[in-house]
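Undergrad: If you want the building blocks of each chain, they are given just below.
2 protein chains.
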Amino acid sequence: METRSKSYTYRMTVRWTGERKGAATCEGKSGIEVATPPEFKGHPGIWSPEDLFVAAVNSCVMTTFLAYAERAGLGFTAYASEAEGKLELVDGGFRFTEIFVRPRLVLASADDRQKAAEVLARAEANCLISSSITAKVHLEAQIS
Amino acid sequence: METRSKSYTYRMTVRWTGERKGAATCEGKSGIEVATPPEFKGHPGIWSPEDLFVAAVNSCVMTTFLAYAERAGLGFTAYASEAEGKLELVDGGFRFTEIFVRPRLVLASADDRQKAAEVLARAEANCLISSSITAKVHLEAQIS
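Chains as they are written, first to last, in this note's numbering: chain A, 1 to 144; chain B, 1 to 144.
Watch out, some of these pointers could steer you wrong.
Given that identical chains are not distinguished, each listed pair holds provided it fits within a single copy or across any two copies.
Claimed, not checked - In silico lysine-lysine, DSSO-like type, Cα no more than 30 Å apart, as pairs:
| hint | residue 1 | residue 2 |
| --- | --- | --- |
| 1 | K21 | K41 |
| 2 | K6 | K29 |
| 3 | K21 | K115 |
| 4 | K29 | K41 |
| 5 | K6 | K21 |
| 6 | K136 | K41 |
| 7 | K115 | K29 |
| 8 | K136 | K6 |
Since the hints were derived computationally from the structure, they do not count as laboratory data. Keep in mind that this is a model prediction, so the values were computed, not measured.
Just chain A, with the same shape it has in the complex (with noise of 0.2 Å):
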């Protein structure tokens, strides 16, 4: 095992660009457009901060998973999930309650069916974004 730093800073900045619209960036790379959503008076086509949020929980999922079957020695042809983040009205406030996670992942060998749940759920269990959250994350993995 290699010895890693035990903190890392991660740095972004948002700048409002008018209505209820801002451009978000992060140093060297592609910007993202962001936007209150419809829902709360805001507007449609763009990434709201609750999007960024599932998809902050979804790909660290993903880039976990990616990871431990590679140690594990996993090979798989394809990854794909689609997450969905529920808020609700907690006493008297919007917060995310639960997040579904549903990777269709394609093994390469179908004797690695148990192999290949286990890593999943290994990568769900230590995801540092799930992690960080108050929410419930659920994984419905579905494996072939």
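Starting from the known structure of chain A, arrange chain B on it as the hints suggest.
TA: Relative to chain A, chain B alone:
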């Protein structure tokens, strides 16, 4: 006050595109390339799950502020906010422990300084992403 539904659902998909990269999509919105960051053996120059997480918090504070400022009749000409998320090893696992949100707000009138500070503080306190995470969010506003 209008009556609002007590629950909203946010859906998005991430699809593995090779190496430690993926394509994040949300219906009707532009795609975002995502990847494991370099410090976890990934790729530079691509939004990571960690970046998206910090972006969700920072953009939610902004959009909440936009709504509250409108309601409070607060005039401003610019809002730009850098956010910094600290990822630390806690009990053997990484998680975000602190997020610093640093809005720089330019007011239309210098008389509104106090009101602006209050509106910003309320926006952070009621930001639904802040309410959905375990990290402590620190608001460090600069009002001019």
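Undergrad: None of the hints should be skipped; say for each whether it holds.
TA: The hints, checked one at a time:
{"no.": "1", "hint": "K21 <-> K41", "in the structure": "within (11 Å within a copy, 33 Å between copies)"}
{"no.": "2", "hint": "K6 <-> K29", "in the structure": "within (25 Å within a copy, 36 Å between copies)"}
{"no.": "3", "hint": "K21 <-> K115", "in the structure": "between (44 Å within a copy, 22 Å between copies)"}
{"no.": "4", "hint": "K29 <-> K41", "in the structure": "both (29 Å within a copy, 17 Å between copies)"}
{"no.": "5", "hint": "K6 <-> K21", "in the structure": "between (35 Å within a copy, 24 Å between copies)"}
{"no.": "6", "hint": "K136 <-> K41", "in the structure": "both (27 Å within a copy, 28 Å between copies)"}
{"no.": "7", "hint": "K115 <-> K29", "in the structure": "neither (35 Å within a copy, 35 Å between copies)"}
{"no.": "8", "hint": "K136 <-> K6", "in the structure": "both (26 Å within a copy, 18 Å between copies)"}
When held up to the earlier numbered hints, the structure conflicts with hint 7 and nothing else.
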